[in-house]
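**Q** Residue strings, one per chain:
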Amino acid sequence: MSTPSEQDGALAAPRETPPPDPRPGDPEITAVVVADHGLSEEEYERILGILGRTPTFTELGVFSAMWSEHCGYKNSKRLLQLLPTKAPWVIQGPGENAGVIDVGQGLALAFKIESHNPPSAVEPYQGAATGVGGILRDIFTMGARPVAVLDSLRFGDLTSGRNRYLFSGVVKGVGDYGNCVGIPNIGGEVFFDRAYDGNPLVNAMALGLMKEEDLILGEASGVGNTLMAVGARTGRDGIHGATFASEELSEDSDEASRPQVQVGDPFTEKLLLEASLELIKSGHIVGIQDMGAAGLTSSASEMAGRAGSGVVLDTALVPVRELGMTPYEILLSESQERMLVVAKRGHEEHVRKILEKWELEAEPVGEVTDDGHFRIEEDGVVVANIPALPLTDGCPTYEREGIEADEVRELRERDLTEFLSPKGDLTEDFLELLGSPNVASRRWIYEQFDTTVRTSTVIRPGGDAGVIRIDGTDRGIAATTDCNGRYCYLDPREGAKAAVAEAARNLVCTGALPTAVTNNLNFGNPLKPHIYFQMREAVLGMAEACELFETPVTGGNVSLYNETDGLAIYPTPVIGMVGVLDDVSKTVGHAFRAEGDCILLLGENREEIGGSEYLYRLHDGLVAGHPPVVDLLAERRLQHAVLALVQNRLLHSAHDCSEGGLACALAQSAVGGEGGPLGVEVSLHDRLAPVAVLFGESTGRVVITVDPASEGEVLGMCRNHGVSARVLGTVGAPHGEFRVDTPSGHLRTPVDDVFQRYYDALPNLMDQDPDIPEGDIHA
Amino acid sequence: MKIAVITFPGSNCDHDCYRALKLLDGVTPEFRWHRDTSLGDVAAVILPGGFSYGDYLRAGAIARFSPIMDAVVEFAEAGGPVVGICNGFQVLCEAGLLPGALVRNESLRFQSHPVHIRVETTRTPFTSEYEEGQVLRIPIAHGEGNYHAEPEVLAELEGTDRIVFRYSTADGKLTPEANPNGSAHHIAGIVNEHRNVLGMMPHPERAVEELLGPTDGRGLFQSLRNHLTAGATT
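As they're listed, the protein sequences go chains A and B.
Position 409, counted from 1, in the first sequence is what the working numbering calls 409; the numbers after and before it change by one each time, with no gaps.
Position 212, counted from 1, in the second sequence is what the working numbering calls 212; the numbers after and before it change by one each time, with no gaps.
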């Protein structure tokens, strides 16, 4: 059962301006037209209440976009209110284009993650490219210069040609866009599982730096100030993209939906970036916002809503790409690389000059009013007149019933004892697991991204988190994205905690103090009780972990209805986390550095193989059992211990244990260095099944290496922090042996084989031909 | 002395080059905008990497028609040192200041990673600080870096010691695996006949600070500075 929110008390509209007449040629408003716009009967009733009359076709389109899940968060808003959002270092929390935190020395970091899932399922190259474009605009409209991007991706298994096509198209789209704009890609993650067949996830995160005083908000303030459309012209692409993003896909989504996918132009974006930053510094504008999802509609109404003002704009003044566009189309177009700017009255010519320098257009299209209305005219004739606040904030919000699916409970409770014995030879199992695309090197991906442009990248993709320096200071910023959807499927609350914990662990492994979070909640259809259950549980887990780690959530994105023909993706609440290093020269990589270094394990091995990559890869795609338990307090102690070790320059390397377990973490560190692979000599004495100790994915573990001379000091510091630590063995010779002994089995193989398996796995999978749809030019 | 860094719309390594030059004693980098028609009193010119004009048509094909390029051509023809890096190399080829062309990488993918390049000649204003045969570790980041030229052009480049850098292994061998983009004769950088115009695909400006990794790119900027200083004092 759904219950509309009760926050609609003061929604009655003052109606001083005349209601618009239906525009000649527009369709009549019927129940079918309303349903086609994705609005429920109840929502339509509310629109009638707000307007006091039947909406025009243009108005219906506007409501449909603003009250879509993508813009209105109607099924997620109440859950999002459970997340911690405040801390002394948070300058801007949720609700703006991006969150902003204080990173010291008068500098602020803007950062946010956003999804572009449905467009990428239909047109992977453009879908992913425009995803990067949109998130970059969210950053520079805050006044910050983008300094890094990350990408969090999910696909079905690469054995399918269709998935290889989607994967390669998305990677190329992410790369081409960021490369051209000149923003380094510093990390991210990718995960392959059949649950993402048909519903790939493309979440892009961006970070930008600014002086604190340059912060600018998306507000339309100052009555009489001029609204200007800036950047690219408006075309017919992407109309109703926001509504499209709020529906399930079906078999025939592919070709028919392509017109709803936008086309990106990174060159224009680069010009828009430079022009926007120059504009913001010039003092000629008071507000700026990306025309993102729901285009001109959302930017204009949200800017008015935030400022508590009104706006009037004339669609006939908007520069268009093609003739004959209706107000409906102009308002809902999602053409890329456009901004809405509020110029100070009388400063329009200055704005135009700055844009002209960057070969772009800026045209006055309307002005700020004080009547609280979102009023649209076409050549002076009113075609829409809606109270702005109810439009942006009056979207009904729902709290639904959440019930766990029986089949998930059964899977979770399944007895996994039979899988604790090795399937075959332990070493062969290990190499197979290491070659899984969820464990193997992502080099095939990140070598298509420019990772070093802007000459600030201190740690490139391939390790635990990306690190950049902050120009002009000793400081650095680290960033990561994490989420294991399998854990979240089996237990959404523990899975979400695990995602936050892993993100924080990844950051501390580079020496960064976890500081704040942006999240991307990717789920199925929230109207289904088992999906709503996943959403609520995941948000509760995330809230608990973020609260304890003091990493507030400063914004993010919700992507629901990720289903194809009724089958939902795994619940995938992606965590994008940023951290700060006071002295970036102290940062540590994940690769072993020198022969003879002492290898230590921080944290405990437990008999946990539920939800593991080992089960999926070696036992026919089995997804079952309890995912690893997360002890948040132990994680917190571990974070502090690792940070103290980095602070004292005691670490030669630090690497988190995640998919593939301890054995794969050791392998990744052994082969991760620039100078070629180093051997490993490790003995484990845990009284656990070798499968569990080698391949189990218990949380809260970090593999470090230290100079043998500082072993005692390191163990002592860990003890003082209440963190269990022990010596596992030593780093071996270059091109030596990879040897891991346990009481009841061992791994033994030349480390060169480990190297080859780790780096060749993904290229070998991708060497098979993709299934490219006819007529696709990008693959 | 002043060194100009040209900014085209779409340049994105202009600030990186500026920063690398700034680390040199006695050098003042200055930006020049693509619409400028004069370089001013600069001692050298850098054409930085990026995607000038979105690389529409072909990489570098539109940038050569920028107003500033007339001044750059004039400067180069008068013997002034000019370095084109990545997209800058592509612009120099399109402008006819260097022979040949840079076409799509053999892999058909953008490639971004450190490579090894071997210094083939120190007889240039840009490589005097290196040793012949020295192997450098420098990043590449390009989709169109596959050097092509007519056989007679390649023969001339070879015969006149104008190949400055070649892609190689860490120990200086020219194996197929060491050639990241399919370039003819493993070419990573060349100079013009008068040896004052250098084009190269790898990014030396990304390899000048220890915090960010190897610093093998320093030698190039130091060579240029020394060349200019020597010229100024004689």
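Warning: the hint list may mix true and false statements.
Keeping only pairs whose Cα atoms sit at most 27 Å apart, straight-line, the calculated DSSO-like set for lysine-lysine is [as the list claims (entries may be wrong)]:
| id | chain 1 | residue 1 | chain 2 | residue 2 |
| --- | --- | --- | --- | --- |
| 1 | B | K173 | A | K357 |
| 2 | A | K211 | A | K586 |
| 3 | A | K211 | A | K77 |
| 4 | A | K423 | A | K344 |
| 5 | B | K22 | A | K211 |
| 6 | A | K586 | B | K2 |
| 7 | A | K528 | A | K423 |
| 8 | A | K281 | B | K173 |
| 9 | A | K344 | A | K211 |
| 10 | A | K77 | A | K528 |
Derived contacts from chain A toward chain B, CB cut-off under 10 Å, selection only [as the list claims (entries may be wrong)]:
| id | residue |
| --- | --- |
| 11 | G49 |
| 12 | R53 |
| 13 | D102 |
| 14 | Q105 |
| 15 | N185 |
| 16 | Q448 |
| 17 | F449 |
| 18 | T457 |
| 19 | L650 |
Just so you know, these hints were derived from the structure itself, not from any lab.
Ideal Cβ positions, reconstructed from N, Cα and C, are used throughout, including at glycine.
**Q** Hint by hint, note whether the structure agrees.
**A** Each hint tested on the structure:
At roughly 48 Å between alpha-carbon atoms, B:K173 and A:K357 are farther apart than 27 Å, so this suggested pair is violated. As the CA atoms of A:K211 and A:K586 are separated by approximately 24 Å, the hinted pair is consistent with the 27 Å bound. For a cut-off of 27 Å, the pair hint linking A:K211 to A:K77 is broken: about 31 Å separates their Cα positions. About 70 Å separates the Cα atoms of A:K423 and A:K344, which puts this hinted pair outside 27 Å; it is violated.
Proximity of B:K22 to A:K211 is assessed by CA-CA distance (about 22 Å); at most 27 Å being required, the pair is judged to hold. Proposed proximity of A:K586 and B:K2 is contradicted: the alpha carbons are some 35 Å apart, above 27 Å. Between A:K528 and A:K423 the alpha-carbon distance is near 38 Å, which puts this suggested pair outside the 27 Å criterion. The straight-line distance between the Cα atoms of A:K281 and B:K173 is roughly 51 Å, outside the 27 Å bound, and the hint therefore fails.
With a CA separation close to 22 Å, the supplied pair A:K344 and A:K211 stays within the 27 Å bound. Simply put, A:K77 and A:K528 have alpha-carbon atoms about 17 Å apart, close enough for the 27 Å limit, and the pair holds. A hinted interface residue such as A:G49 counts as satisfied when its beta carbon comes closer than 10 Å to some beta carbon of chain B; here the least separation is about 48 Å, so the hint is violated. Nearest Cβ of chain B to the Cβ of A:R53: about 47 Å, over the 10 Å cut. The hint is violated.
Given hint, A:D102 at the interface with chain B, is violated; its Cβ is 23 Å from that chain's nearest Cβ, farther than 10 Å. Below 10 Å, beta-carbon pairs count as interface contacts, and A:Q105 has none with chain B, the closest being about 17 Å; its hint is therefore violated. Because the smallest distance between the Cβ of A:N185 and any Cβ of chain B comes to about 9 Å, under 10 Å, the interface hint for this residue holds. Interface restraint check for A:Q448: the shortest CB-CB distance to chain B comes to about 5 Å, inside 10 Å, so the restraint holds.
Using the Cβ-Cβ criterion of 10 Å, the hint placing A:F449 at the interface with chain B is satisfied: the shortest such distance is roughly 6 Å. Below 10 Å, beta-carbon pairs count as interface contacts, and A:T457 has one with chain B at about 7 Å; its hint therefore holds. Given the 10 Å rule on beta carbons, the hint for A:L650 is violated: about 20 Å separates it from the nearest Cβ of chain B.
In summary, the numbered hints that this structure violates are 1, 3, 4, 6, 7, 8, 11, 12, 13, 14, 19.
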